[in-house]
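Q: Now for the letters of each chain:
2 protein chains.
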Amino acid sequence: MMFPLDQIEIIAHSSPSKIVQVVMDGLGGLPHSQTGMTELETAHTPNLDALAAGGTCGLLHPVAPGITTGSVPGHLALFGYDPVQNHVGRGVVEALGIDFALQPGDVAARGNFCSIDDKGLLSDRRAGRIPTEESARLCQLLSSIDLSDIVPGTQVFVKPVREHRFALILRAEGLGDDVADTDPQKEGLAPLPAVAGSSGSDRTAGLANSFVEAAHEILSSQIPANMVLLRGFSGLPHMPPMSQVFRLNPAAIAALPMYLGLAKVVGMTVFPAASSIEEEFRILADSFAQYDYFFLHLKPTDLAGEDGDFDRKVKVIEEVDSLIPHILELNPHVLAVTADHSTPATYKSHSWHPVPLLLSSSWCRRDGVSAFSETQCLKGGLGHMASVQVMPLLLAHAGKLSKFGA
Amino acid sequence: MMFPLDQIEIIAHSSPSKIVQVVMDGLGGLPHSQTGMTELETAHTPNLDALAAGGTCGLLHPVAPGITTGSVPGHLALFGYDPVQNHVGRGVVEALGIDFALQPGDVAARGNFCSIDDKGLLSDRRAGRIPTEESARLCQLLSSIDLSDIVPGTQVFVKPVREHRFALILRAEGLGDDVADTDPQKEGLAPLPAVAGSSGSDRTAGLANSFVEAAHEILSSQIPANMVLLRGFSGLPHMPPMSQVFRLNPAAIAALPMYLGLAKVVGMTVFPAASSIEEEFRILADSFAQYDYFFLHLKPTDLAGEDGDFDRKVKVIEEVDSLIPHILELNPHVLAVTADHSTPATYKSHSWHPVPLLLSSSWCRRDGVSAFSETQCLKGGLGHMASVQVMPLLLAHAGKLSKFGA
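Heads up: the protein sequence lines correspond to chains W and Z, in order. Each residue of the first sequence is one higher than the one before, starting from 1 at the first, in my numbering. Each residue of the second sequence is one higher than the one before, starting from 1001 at the first, in my numbering.
Please note: incorrect hints may appear among the correct ones.
Simulated DEER-style distance windows between Cβ atoms [what the hints assert, rightly or not]:
1. Z:Trp1363 x W:Gly105: 41 to 47 Å
2. Z:Thr1035 x W:Thr35: 48 to 54 Å
3. Z:Asp1202 x W:Ile10: 46 to 52 Å
4. W:Pro16 x Z:Gly1197: 28 to 34 Å
5. Z:Phe1003 x W:Ser243: 34 to 40 Å
6. W:Glu9 x Z:Pro1104: 27 to 33 Å
7. W:Glu318 x Z:Ser1402: 37 to 43 Å
8. Z:Asp1202 x W:Asp99: 44 to 50 Å
9. Z:Trp1363 x W:Asp6: 25 to 31 Å
10. W:Ser402 x Z:Ser1143: 32 to 38 Å
Computed cross-link-like contacts, PhoX-like style, restricted to lysine-lysine with a CA-CA straight-line distance of at most 25 Å [stated by the list, open to error]:
11. W:Lys18 x Z:Lys1018
12. Z:Lys1018 x Z:Lys1264
13. W:Lys403 x Z:Lys1348
14. W:Lys379 x Z:Lys1018
15. Z:Lys1264 x W:Lys403
16. Z:Lys1186 x W:Lys403
17. W:Lys403 x W:Lys18
18. Z:Lys1348 x Z:Lys1186
Part of the chain W face toward chain Z, derived, beta carbon under 8 Å [stated by the list, open to error]:
19. Phe3
20. Leu5
21. Trp363
22. Arg366
23. Gly383
24. Lys403
25. Ala406
Think of the hints as simulated: they come from the structure by calculation, not from any bench. Backbone N, C-alpha and C fix where the C-beta goes; we use that ideal spot for every residue, glycine too.
Please take these sequences and the hints and turn them into a complete structure.
A: Right, dumping it as structure tokens:
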């Protein structure tokens, strides 16, 4: 029941009304063993509760029931794009996130500096989360790697992202992006070779393996970051921008380059990475006149969930709640608060559980929900739906969709 | 999750059991600002409430969440046909609705008599809703238009529909139907030229423009109807009839030709347009023995919604409720009451909000719903589904579907 984008494009029209979509990363939770309440249910959230009571709520399956989504499909769906049909690799997202001007044909990979022991086995997949400046210095070293003896004319770009993360971009003729990760995802194992999944990507796999070999040599004395892992090999996808399919003039506000990169893939204008939740809300207020759709991404809920820190996740939710009035002062026509996926603190990882959705506008049908929580959203007027179905709802409530058919 | 028609066709079988599907056009509403209750919730509906209590309820998305549907896709979905895949143009619907024998290759358009001022700008898109008899006289005048000098052998049919509405049918070799509307949808603007969207429709656009030019000349002295607007250029779609895919012998009862025309597209037998709700119920009773599926279309709920007349919509709902016992006396095996879309009186227009569905039969699982309303249907046993999913449910409850698979 996903309405096709080529049909949305026909009925969508530009208008002055404003949409704010707040994505609290990993918001969905699971009950605390003592209280039986999730993080969101535990948090004191008078502002979100009032919005839920006056609006319409529901539960979203980020991709499909039972599927635990990564950040990329989880967000693509919220942006209105089919998360299964539209594959955007992690490498592309990292590269775009640091403002690297990716060209069609480039293959990008997300890199991690990591630590290996003298047997070549991974002792730390993140090299102790080395600081960004250190990572930048190491990237500089790796930038000297020359692969033009393998494929003539190859250019290699190694760019720091944040802490242990970097982006590798390979530029040469005839590079496919169907190459498996070298990250075995577990410590105690050896990094894997880059293996092409199809013959069109043999050349890329060859370049990647030579890069890793050269990097290992250069880094051998750079404890703890004495090795690299590569994953998410990918080239630029072909996705119509939000300006075309939804007739929006969209902007993205986030603290991490990855989310800004992803927003760029669908044509959003992005603001420089913010350094706090408060700053993100300030950017929204300052730029409110210039755009008609805002993606406001809040990461700390997910980080607390990943760390298994129930109380910290509760505190982050309460902090966000306390800032909601700053959005209401702007008087957007539509305000949605939701998540890209669940990251229950008890589960310490992304999970498949549906995420709560709150939609506030003048045209909401009442549904008896009195607070913003997983349990109450279950009874919400929007029922259960897939995240990809949210964007048409936001556009409809903002008066940006004409009638379909005669 | 739409079960494919070619599979339905395999498991559907004819049987004497009877299905009545009552469509209260635009039934879905939004809360009144004073009471917080929708039109349906405000109306006193003891008969519908009793049916809801004994049956199973749910909420339907006519096309998809957030999509405001026109009448055509909204009804096609209720008839069991994918409303996005099956495009039926307005012209076809109007022509069939007045019993015009459309032939494959014909292109039909919905016409409006309209008023333009001396600058050629639209002053009234409906020419003051001139009476049908006046429209018939003008259609007679326009029937003299001869376009055979443009495309040899062209036949032009101009047929009155109701008030300012007429149908134009062009019959000639090689006519495509990909032609844009000449109706700019707004007063103060000039009518648009008919423009072909692809080269296969150039000939149709040429004929349409010549027709409009000739019509303008003929009508110049016929104030207020001194011009015409054309929209919904379309040819007969290729849809398997309900007799084939659902093994039904279906009949349609409605007051407006448009809905009867649409019913014909899917192969229903249609009764002459009724002049009141009561007459529609009488036609149903009189013809009950001859058919096994009845589409009973009730328009006044939508008209009241479009007019923003909350109280009138409530009254219409109450009138329908009072007539429900006449259906129950017939003892159909399945009675469904629903809508093609919402037309909330507060919104004064079709909207995207899901519509209530009530299904009554001997085989309903109870769901705790005690009244027919949007809020109660939200808790109904059928949950949220797409309108296109309803027909298999009706067939199943009527014992007209065999087991799928071994």
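Q: Each hint needs a verdict: does it hold in this structure or not?
A: A quick look at each hint next to the structure:
Distance hint check: the CB atoms of Trp1363 (chain Z) and Gly105 (chain W) are about 60 Å apart, inconsistent with the given range 41 to 47 Å. As the Cβ distance of Thr1035 (chain Z) to Thr35 (chain W) is approximately 37 Å, the hint placing it in 48 to 54 Å is violated. Range check, Asp1202 (chain Z) to Ile10 (chain W): about 21 Å between beta-carbon atoms, so the 46 to 52 Å window is missed. Between Pro16 (chain W) and Gly1197 (chain Z) the C-beta distance comes to about 29 Å, which sits within the given range of 28 to 34 Å.
Evaluation of the 34 to 40 Å hint for Phe1003 (chain Z) and Ser243 (chain W) yields a pass: the beta carbon distance comes to about 37 Å. Remark: the range hint 27 to 33 Å for Glu9 (chain W) to Pro1104 (chain Z) is upheld by a beta-carbon distance near 30 Å. A C-beta distance of roughly 56 Å is found between Glu318 (chain W) and Ser1402 (chain Z), which places it outside the suggested range of 37 to 43 Å. Between Asp1202 (chain Z) and Asp99 (chain W) the beta carbon distance is about 47 Å. The supplied range of 44 to 50 Å therefore holds.
Distance hint check for Trp1363 (chain Z) and Asp6 (chain W): the Cβ-Cβ separation is about 40 Å, which falls outside the suggested range of 25 to 31 Å. A hinted range of 32 to 38 Å for the beta carbons of Ser402 (chain W) and Ser1143 (chain Z) is consistent with their spacing of about 33 Å. The straight-line distance between the Cα atoms of Lys18 (chain W) and Lys1018 (chain Z) is roughly 49 Å, outside the 25 Å bound, and the hint therefore fails. At roughly 19 Å between alpha-carbon atoms, Lys1018 (chain Z) and Lys1264 (chain Z) fall within 25 Å of each other, so this suggested pair holds.
A distance of roughly 13 Å separates the Cα atoms of Lys403 (chain W) and Lys1348 (chain Z); the hinted pair therefore holds under the 25 Å criterion. Taken as a hint, the Lys379 (chain W) and Lys1018 (chain Z) pair is broken in the structure, with Cα atoms around 34 Å apart against an allowance of 25 Å. For the suggested pair Lys1264 (chain Z) and Lys403 (chain W), the alpha carbons sit about 23 Å apart, so the restraint of at most 25 Å is met. With a C-alpha separation of about 15 Å, the suggested pairing of Lys1186 (chain Z) with Lys403 (chain W) holds against the 25 Å cut-off.
Distance hint between Lys403 (chain W) and Lys18 (chain W) is fulfilled; the C-alpha atoms sit about 20 Å from each other, no more than 25 Å. Straight-line distance between C-alpha atoms of Lys1348 (chain Z) and Lys1186 (chain Z) comes to about 17 Å, which keeps the hinted pair within the 25 Å bound. Restraint check, Phe3 (chain W) versus chain Z: the minimum CB separation of about 4 Å is within 8 Å; hint holds. Interface restraint check: Leu5 (chain W) against chain Z, minimum CB-CB distance 12 Å, threshold 8 Å, status violated.
Proximity of Trp363 (chain W) to chain Z holds as hinted, the smallest CB-CB distance being about 7 Å (cut-off 8 Å). The criterion of a C-beta within 8 Å of any C-beta in chain Z is met by Arg366 (chain W), whose closest approach is roughly 5 Å, and the hint holds. Interface hint at Gly383 (chain W): satisfied, since its Cβ lies 4 Å from the closest Cβ of chain Z, which is below the 8 Å cut-off. Residue-level restraint check for Lys403 (chain W) holds (minimum Cβ-Cβ distance to chain Z is 5 Å; threshold 8 Å).
Checking Ala406 (chain W) against chain Z by beta carbon gives a least distance of about 4 Å; that is within 8 Å, so the hint holds.
In the structure shown, a violation is registered for the earlier hints numbered 1, 2, 3, 7, 9, 11, 14, 20, in ascending order.
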